[in-house]
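Enquirer: Please build the complete structure, drawing on both the sequences and the hints.
Numbering follows the working numbering, with no gaps: position 399 of the sequence shown is 399.
I should point out that these hints are in silico values taken from the structure, not numbers from a laboratory. All values reported here derive from a predicted model rather than from experimental measurement. Beta carbons are placed, not taken as given, at the ideal position from N, Cα and C, and that holds for glycine. A couple of the hints might just be wrong.
[Unchecked claim] Derived DEER-like restraints, expressed as beta-carbon distance ranges:
id	residue 1	residue 2	range
1	P330	G360	19 to 29 Å
2	E362	V474	54 to 64 Å
3	D400	R61	21 to 31 Å
4	R61	G346	52 to 62 Å
5	P330	C441	24 to 34 Å
6	R354	G124	52 to 62 Å
[What the hints assert, rightly or not] With a Cα cut of at most 25 Å, we get these calculated PhoX-like pairs of lysine-lysine:
id	residue 1	residue 2
7	K455	K213
8	K334	K455
9	K121	K213
10	K475	K492
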Amino acid sequence: MSVENYGLFIDGKWRPGSEGESFEAVNPYTRQAWATHAQASPADVADAVEAAHAAFAGTWRRTSGLRRATLLHELASLVERDVDRLALLETTDNGKVIRETRAQVLGAARQLRFYAGYADKVWGSSIPLDRPDVLDYTHREPIGVAALVTAWNSPLSLLSNKLAPALAAGNCVVIKPSEHASATTAELCRLVEEAGFPPGVVNMVTGDSRVGKALVDGRRIGRVSFTGSPEVGREIAAAAGRNLVPVTLELGGKSANIVFQDADLPRALVGAVAGIFAAGGQSCVAGSRLLVHRSIHDQVVEELRTRAERIVLGDPADAATEMGCVANEPQLSKILTMIEGAEQSGARLVTGGRRASGPGLEQGFFVQPTIFTDVTPDMPLAQEEVFGPVLAVLPFDDEDEAIAIANNSRYGLAAAVWTRDVDRAIRCTRALDVGTVWVNCYRAAGVQAPSGGVKDSGFGRERGEEALDDYLTVKNVMIDYSGSTGDPFVIKT
Numbered sequence: 001m002s003v004e005n006y007g008l009f010i011d012g013k014w015r016p017g018s019e020g021e022s023f024e025a026v027n028p029y030t031r032q033a034w035a036t037h038a039q040a041s042p043a044d045v046a047d048a049v050e051a052a053h054a055a056f057a058g059t060w061r062r063t064s065g066l067r068r069a070t071l072l073h074e075l076a077s078l079v080e081r082d083v084d085r086l087a088l089l090e091t092t093d094n095g096k097v098i099r100e101t102r103a104q105v106l107g108a109a110r111q112l113r114f115y116a117g118y119a120d121k122v123w124g125s126s127i128p129l130d131r132p133d134v135l136d137y138t139h140r141e142p143i144g145v146a147a148l149v150t151a152w153n154s155p156l157s158l159l160s161n162k163l164a165p166a167l168a169a170g171n172c173v174v175i176k177p178s179e180h181a182s183a184t185t186a187e188l189c190r191l192v193e194e195a196g197f198p199p200g201v202v203n204m205v206t207g208d209s210r211v212g213k214a215l216v217d218g219r220r221i222g223r224v225s226f227t228g229s230p231e232v233g234r235e236i237a238a239a240a241g242r243n244l245v246p247v248t249l250e251l252g253g254k255s256a257n258i259v260f261q262d263a264d265l266p267r268a269l270v271g272a273v274a275g276i277f278a279a280g281g282q283s284c285v286a287g288s289r290l291l292v293h294r295s296i297h298d299q300v301v302e303e304l305r306t307r308a309e310r311i312v313l314g315d316p317a318d319a320a321t322e323m324g325c326v327a328n329e330p331q332l333s334k335i336l337t338m339i340e341g342a343e344q345s346g347a348r349l350v351t352g353g354r355r356a357s358g359p360g361l362e363q364g365f366f367v368q369p370t371i372f373t374d375v376t377p378d379m380p381l382a383q384e385e386v387f388g389p390v391l392a393v394l395p396f397d398d399e400d401e402a403i404a405i406a407n408n409s410r411y412g413l414a415a416a417v418w419t420r421d422v423d424r425a426i427r428c429t430r431a432l433d434v435g436t437v438w439v440n441c442y443r444a445a446g447v448q449a450p451s452g453g454v455k456d457s458g459f460g461r462e463r464g465e466e467a468l469d470d471y472l473t474v475k476n477v478m479i480d481y482s483g484s485t486g487d488p489f490v491i492k493t
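Expert: Have a look at this one:
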């Protein structure tokens, strides 16, 4: 089997790591190494940051919004052209089913086009002051160099959330993908070359946590955008804070999927399956807590058990497969350990709970779709993110209790409400302490819709118009055209 070799992408050139180290990419379905990536050193990271600064100061800062938009549209066209190849590479890298990775690649292209539309519309405001003989206006300007750090579960999708607004706003970037899934990021850099972006505008350094630390510890970064765990997010925020660098953090969740007694049950059941078993539960917004009104609890659990046991596991590159494998071995171990802990804490296993086996599953990191009941709100299974296909079902008796259980979490990324009662739906959307609330749907997204969390799920927003503001800074300009001389010891107002 041929092995793809990826280098670092710095200043428009591909090169090995300066210390000669590399690491393997392992296909989680076959457990075979299929690619190698260069391990960056701190010196390589410094080179990437310097290249980004040089490109920004050189030509990119003065590049018109129209030109940036043209380049973003060209990059989107190349992504669309290569959708099948990119989707297969991502599936090979992290085990997500091809039907999902293909949709995510197309979503990345849509993201590039969405922000391309903003690139020539980054304008400020004229502000009327109390003094009629003073002209006051603002510029919205790029922050300079942004560090973009992504996770392994949806590399290209997560990158597009960050890269598209950063480039549209006129910044240069240094990208650090997860060492568990770096291939599609490297492939996107090849398309950046082909699209005609100037050298140094987009740079990529690959490797382990040492690379990320070197990147965010630097004093020449204008913003850090990170997607990953709260533990690493805290470290990044602390490092960036020491240099007074703002951050955007998307740190996962323990999202509540709330089904009331008047819900359209067939739709709600589909939403429950989508919430936890789509992408094998390896989604930041996974609906890993299913809150069900006690009057329909047993019915919902039985329906879900039947559906979960029918889910087709197998080769993630096969279009018929519904749930692929866990992305890497450390995550597999974590999931199985948390399942064991849930059983020991008194939760009742309804189905699954083991590593999946059978024809075609022998080598891969597969976990059975798993459902627990008799889960109390304080159990670790109801409090900690599993990031796998493991569902905790909790009953409730009324709306107030449902909201109390849902908000009893250190996370606050997303939630959903299933009800035919419009008044209840609106009350719940206001009461839930999260960044996104779905009503009668789950795991839906749009490039126009902002996404992000509160509490331990992080802060800042990605996607939508709000994300663009994170990559811009506001400069105020005040021009006194009165021609008069004032008192030098009194502030002019």
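Enquirer: Could you run down the list of hints and mark each one as holding or not?
Expert: Structure-based check of each hint:
A beta carbon spacing of about 23 Å between P330 and G360 agrees with the range 19 to 29 Å that was offered as a hint. For the pair E362 and V474, the beta carbons lie near 57 Å from each other, so the given range of 54 to 64 Å is met. A hinted range of 21 to 31 Å for the beta carbons of D400 and R61 is inconsistent with their spacing of about 54 Å. R61 and G346 have their C-beta atoms about 60 Å apart, which keeps the hinted 52 to 62 Å range intact.
Restraint check, P330 to C441: a C-beta distance of roughly 32 Å satisfies the suggested window 24 to 34 Å. As the Cβ distance of R354 to G124 is approximately 59 Å, the hint placing it in 52 to 62 Å holds. Of the pairs offered as hints, the one joining K455 and K213 holds, with about 23 Å between alpha carbons and a cut-off of 25 Å not exceeded. Only pairs whose Cα atoms come within 25 Å are accepted, and K334 paired with K455 is accepted, the gap being roughly 23 Å.
For the proposed pair K121 and K213, the alpha carbon gap of about 34 Å is over 25 Å, so the pair is violated. For the suggested pair K475 and K492, the alpha carbons sit about 19 Å apart, so the restraint of at most 25 Å is met.
Hint compliance for this structure: hints 3, 9 are broken, all remaining hints hold.
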